[in-house]
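*Asks:* Whenever a hint applies, use it, and build me the whole structure from the sequences.
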Amino acid sequence: MTVTDRSSAATAEADTPGVRSASRTRRKRREYLLFLLFIAPNAVLLAVFAYWPIVFNGILSLTSWDMVSPHIPFVGLANYQDMFSDTDFWWVILRTVLFSGAVVIGCVVAGLAVAILLNQKLRGRNVVRTVAFAPHILSGVAMGTVWLFIFDPQIGLMKMVLGKIGADGPAWMTDSNWALAGLIIVYLWKTIGFVAVVYVAGLQGMPNDLYEAAKLDGAGPWTLFRKITFPLLSPVTFFVVVVTIVATFQAFDVIAIMTDGGPGDATTTISWYIYKEAFQALDAGHAGAGALVMFVILIAITAAQARFMERKVHYR
Amino acid sequence: MKTVGTGLKYLGLIVVLVLAAVPIYWLLSTSVTSPEKIFQFQWFPDGLNWQNYIDGWKSAPFGAMYKNSIIVTLAGALIQICVAILSSYAFAFLDFPGKRIVFLIFLGAMMVPGTVVLMPNFLTIAALGWVNTYAGIVIPGVGSVFAMFLLRQHMLTLSSEVTDAAKVDGANHLRILWHVVLPMSRPMVVTVIVVALVEKWNDFVWPLVSTSTDSMRTLPVGLLMIKDAQGFTNWGAVMASSVFIVVPVLIVFFIAQRQIIAGLTAGATKG
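Protein chains in written order, with our numbering: chain A, 1 to 316; chain B, 1001 to 1271.
Don't read these hints as lab results, they were simulated from the structure. Treat the hints with care, as some may be off.
Stretch by stretch, here's where chain B covers chain A in the computed footprint (C-beta under 8 Å, at least three residues) [stated by the list, open to error]: (1) 32-40; (2) 52-63; (3) 82-95; (4) 154-165; (5) 209-221; (6) 245-253; (7) 291-305.
The structure displayed is predicted, hence computed values, not measured ones. Just so you know, even glycine gets a beta-carbon here, dropped at the ideal spot from N, CA and C.
*Replies:* Shown next, in the form of structure tokens:
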């Protein structure tokens, strides 16, 4: 993003020798003060509710506080040692990566396919675009409830549909082998339409002359896609991947209503783990440590993505 | 050959439409199906059975929950937008040494995930005595990075002549903001307000942890309370309860879909 600075450009113009005077400095100072006043509410809110929590998590992660007693025992790095030597925690991480990865890959592939479809001059495509986007803005709890009903092993829609083609569906959310798959389906359903709309915006910015030139050289549709469309869309893909990773790592409402992280631990991803440690186990130490680990992972993924894309985007 | 291709494209379009719409349709259709009929699978309900809505409404204090959701949503979106407008104006039009760095620090807050701040923010509002109050639900969520960013990007595209002229006339910044910049930014302001309304309405985890009594629950939290207290057995009533949550957003979406889609996908094109 470009950080252009209009106000300084405007004042620089008026900054001819001779006009600099006491009243000018005063006016400048008043503008600085006004700037601070204008950003103050947001600055305070972000400091208290976005930045301080990182530090606070760090402090809490060094304790074994139960969130109630006035005494806060300091335990050093014990919580981290504990977590990293606990196979259950590694499973939480692995499960989160699996869940997130499946949703990200599914969203990029299906989202791009839907976008290409929506980008054709077809009648009714605007209606389809709107309907496909709708799942993204509807309450996750309400939609999780509907999907719970759809996945119901006795009277669910999924059982009926699979029954029609002669298949015997699993028990989905109550079967620990299938619950995560069910969750992935719900998140794909909620996100693909959004991703498709983002890709449509990207497709509409494609330079037509490049396609014409490539077609003259005899390139087929698949080559056009592989050599032109997909590379040119890489900034959009970058955005989609980062947004989807962040969203899936934070997945909570659908999990809360559908599985409570279960059966067993089958759908306990990192966000559910942190919530459970903090508000069910009242274990501020593990919750804080888990939160910090999640924060570091997300920052690392975003930074790695940004560097990767920087290299890829260049030949644009 | 060409018509076959076109036919396949339309088929694809229909598949997308059906896959996206069926769960929403199933929600609405089950909510008006009589309890006995729910066990006999059928695509279309026999008629409109409103009993589920009566049962659903009685299964939880929906009146109070609606009131809470409306208060929290309106207050949250309104305060957030004021905060966003003030700071975006400052970043777009006011001079300050090191402004660029300050702006980047603000943007950095976007990288802090909601799950990470959950426990610390709970402890903060507990220290402020705000647990189970409207202030506790609303205030931690009104800081704004994304809306501020979009508004600032928009303000930078406004003709500088307009704002410079206003300055020469001796109008102060609050007046410039109110009489010149805001009217010219109306579409973007509407977009960020609508997006904020939808997000606050659907917000779940924060209202869940920051409230402790039924009288303070918002609608999404209420649905979880129903599940925990009674289990989801009477599916018709459960679907009707879900409709209570979804319908306001569906209505807003079909009125303002252009703004919502533009606002939510803006990061991709404006970044």
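*Asks:* With reference to the structure, classify each hint as holding or not holding.
*Replies:* Going through the hints against the structure:
1. For a cut-off of 8 Å, the count of residues in the segment 32-40 of chain A with a CB near a CB of chain B stands at 6, and the three-residue condition holds.
2. With 6 residues carrying a beta carbon less than 8 Å from a beta carbon of chain B, the segment 52-63 of chain A meets the three-residue requirement, and the given coverage holds.
3. As drawn, the segment 82-95 of chain A meets chain B at 0 residues by the rule of a beta-carbon pair under 8 Å; below three, the given contact is violated.
4. With 3 residues having a Cβ less than 8 Å from any Cβ of chain B, the segment 154-165 of chain A passes the three-residue criterion, so the hint holds.
5. Taking a C-beta to C-beta cut-off of 8 Å, the segment 209-221 of chain A contributes 0 residues in contact with chain B, too few for the three needed, and the coverage statement is violated.
6. Figure legend: the segment 245-253 of chain A, annotated as covered by chain B; annotation consistent (5 residues with Cβ-Cβ distances under 8 Å, at least 3 required).
7. Evaluation of the coverage hint for the segment 291-305 of chain A: fulfilled, as 7 residues show C-beta separations to chain B shorter than 8 Å, against a requirement of three.
In the structure shown, a violation is registered for the earlier hints numbered 3, 5, in ascending order.
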